[in-house]
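Let the sequences and hints guide you as you build the complete structure.
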Amino acid sequence: MPDKVWVKHYDPGVHESLEYPDFPLTTFLAKSAERFPQHVCLEYQGQELSYAQVLDSSRRLAAGLLQLGLTQGDAVGLMLPNTPEFGIAYYGILFAGAIVVPLNPVFPYAELKEQCRRAHVKAVIVETERGDIAQRLKQEGFCQSLLLVQNDSNGILQVEKEVYSFQQMIQIDSVFDLPVIPDQKAIAVYQFSGGTTGTPKVIQASHRNLVANTLQFKEWLMNLHEGQEHFLAAIPLTHVYGMVIALNVGIASGAALHLIREGRDTEKIVQTIQSCSISFFPAVPAIFHSINLHPEVRAGKIDLHSIKACISGSAPLPEEVRKEFERLTGGSLVEGYGLSEAPTATHCNPILGERRNHSIGLPLPDVDCRLLPLTGYPDGEGELLIKSPQVMEGYLENAKETAATIVDGWLHTGDIARMDAEGYFALVGRKKELIKVGGFQVWPNEVEEVVRRFPGVLDVAVKGIPDLAKGEKVAAWIVTREGSELDTEKLIAFCRNELVHYKVPKEIKILTTLPRSAVGKVLKHQLK
Numbered sequence: 165m166p167d168k169v170w171v172k173h174y175d176p177g178v179h180e181s182l183e184y185p186d187f188p189l190t191t192f193l194a195k196s197a198e199r200f201p202q203h204v205c206l207e208y209q210g211q212e213l214s215y216a217q218v219l220d221s222s223r224r225l226a227a228g229l230l231q232l233g234l235t236q237g238d239a240v241g242l243m244l245p246n247t248p249e250f251g252i253a254y255y256g257i258l259f260a261g262a263i264v265v266p267l268n269p270v271f272p273y274a275e276l277k278e279q280c281r282r283a284h285v286k287a288v289i290v291e292t293e294r295g296d297i298a299q300r301l302k303q304e305g306f307c308q309s310l311l312l313v314q315n316d317s318n319g320i321l322q323v324e325k326e327v328y329s330f331q332q333m334i335q336i337d338s339v340f341d342l343p344v345i346p347d348q349k350a351i352a353v354y355q356f357s358g359g360t361t362g363t364p365k366v367i368q369a370s371h372r373n374l375v376a377n378t379l380q381f382k383e384w385l386m387n388l389h390e391g392q393e394h395f396l397a398a399i400p401l402t403h404v405y406g407m408v409i410a411l412n413v414g415i416a417s418g419a420a421l422h423l424i425r426e427g428r429d430t431e432k433i434v435q436t437i438q439s440c441s442i443s444f445f446p447a448v449p450a451i452f453h454s455i456n457l458h459p460e461v462r463a464g465k466i467d468l469h470s471i472k473a474c475i476s477g478s479a480p481l482p483e484e485v486r487k488e489f490e491r492l493t494g495g496s497l498v499e500g501y502g503l504s505e506a507p508t509a510t511h512c513n514p515i516l517g518e519r520r521n522h523s524i525g526l527p528l529p530d531v532d533c534r535l536l537p538l539t540g541y542p543d544g545e546g547e548l549l550i551k552s553p554q555v556m557e558g559y560l561e562n563a564k565e566t567a568a569t570i571v572d573g574w575l576h577t578g579d580i581a582r583m584d585a586e587g588y589f590a591l592v593g594r595k596k597e598l599i600k601v602g603g604f605q606v607w608p609n610e611v612e613e614v615v616r617r618f619p620g621v622l623d624v625a626v627k628g629i630p631d632l633a634k635g636e637k638v639a640a641w642i643v644t645r646e647g648s649e650l651d652t653e654k655l656i657a658f659c660r661n662e663l664v665h666y667k668v669p670k671e672i673k674i675l676t677t678l679p680r681s682a683v684g685k686v687l688k689h690q691l692k
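According to the working numbering, the sequence shown is numbered sequentially starting from 165.
Derived by calculation from the structure, the hints in this document are not laboratory data.
Zero decoy hints are in this set.
PhoX-like, lysine-lysine: derived pairs with alpha carbons at most 20 Å apart:
no. : residue 1 : residue 2
1   : Lys-692   : Lys-673
2   : Lys-688   : Lys-673
3   : Lys-551   : Lys-168
4   : Lys-325   : Lys-302
5   : Lys-382   : Lys-172
6   : Lys-627   : Lys-600
7   : Lys-637   : Lys-688
8   : Lys-600   : Lys-692
9   : Lys-627   : Lys-595
10  : Lys-472   : Lys-382
11  : Lys-670   : Lys-692
12  : Lys-654   : Lys-673
13  : Lys-673   : Lys-637
14  : Lys-670   : Lys-600
15  : Lys-465   : Lys-432
16  : Lys-595   : Lys-637
17  : Lys-472   : Lys-487
18  : Lys-637   : Lys-692
19  : Lys-551   : Lys-595
20  : Lys-637   : Lys-627
21  : Lys-627   : Lys-692
22  : Lys-627   : Lys-688
23  : Lys-277   : Lys-302
24  : Lys-654   : Lys-670
25  : Lys-600   : Lys-688
26  : Lys-382   : Lys-195
27  : Lys-637   : Lys-600
28  : Lys-627   : Lys-673
29  : Lys-688   : Lys-670
It should be emphasised that the depicted structure is a prediction, and the values quoted were computed from it without experimental measurement.
And the structure:
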């Protein structure tokens, strides 16, 4: 592959290579608080916290966590929606030298307990609305203590045994000295992923990984001005995409980060863009599509022209969605690509330059790529391999899978891609059967196992099918047992009780038999 031919297509001012300072992720918050102490850091439903306030609360929380007995390298579950407490807790955990474990609060108990078990979580920070789930995690030994985000803490720090008030903890005075992170390869975040082979894994993202990707993407957004921008967080901060591009890049830029609790609340999103003069936000195609369809936006009654740029990721961006969004806002909407094993962005179309349809764009600064030829694929196509400073440190307690995924420093993504003469990359398929629904990963075998447990189901095959809003959706082809009549509504209700919402099949088709090869393998490409 020619040497970095893509660099010549970078926007003016974007450098091919960057300097990566030897500091922890928390330094971004400390530096922005020093430069812009009274600027708004986090805004939520009209409540504003300055950079100085967020820094102070985060450091107090860190001291409180240490007083509870946590030590460097302990894992703390962060089970919060997009609220100011998430940002405070995120940096507070890191200031304590502990590891952030993002836990999506909408996940069912079965998934949360498995994540806590795999990550060896010691404490969980959670809202009282999900306190019952968190209490069960503690009672069954999947964590040792809880911090409750309460509407009214009544001035009490310890609510009950091993249960503490988050609000009181960030107000207490402490003489604890916060630890110095000795090595930037120290782990900052445990992120969950199916990896590239389908088995659930815990990704170890170091301070170095996350600092690098924050600076890479900040460089890509060179037309934004430090201390003056307004970012929007409409995708979950528990997802590495939102965590890095909205939270980390926003804080490193001294931006005001406006938090949306529910990403499907299009009304709240468009009103926030207008009232807060949002200039940048990352999202998935479904959110941009919903904005395009909002009647007041279409009628020109809501003005979105404060937007300078947006990035779309986690699913293919339809050309018609991009063009309509740019027409309505006057800003740039560019498609990018990344994966949890290189948290989080590795490619992106230029903000000002040519944005190519059906392309994930150009590798970011200091991202090297090559295509590994594979049998059965045309010349010019191959598995996308990446070497860059944001590539994970490895999978937790899984040296075998780490060695299979990172070979001689090259991350094997499992995605099949091609590159044109100018260095623009495009995805043409997936080496595995991973389904990507609006930015989330779904493995067919997990859904199939649940569906098979439903009475009357004899056989099932699950795969992703195209969806304009979310890129892909889950579909299930089912063979019923003789004499059984499948109630699809009851089946879907059953799945909703066992799986998080985006894993629930959105289409169900009944067959008399599944197509299989001579050796009994289901031929999923024949399922239409």
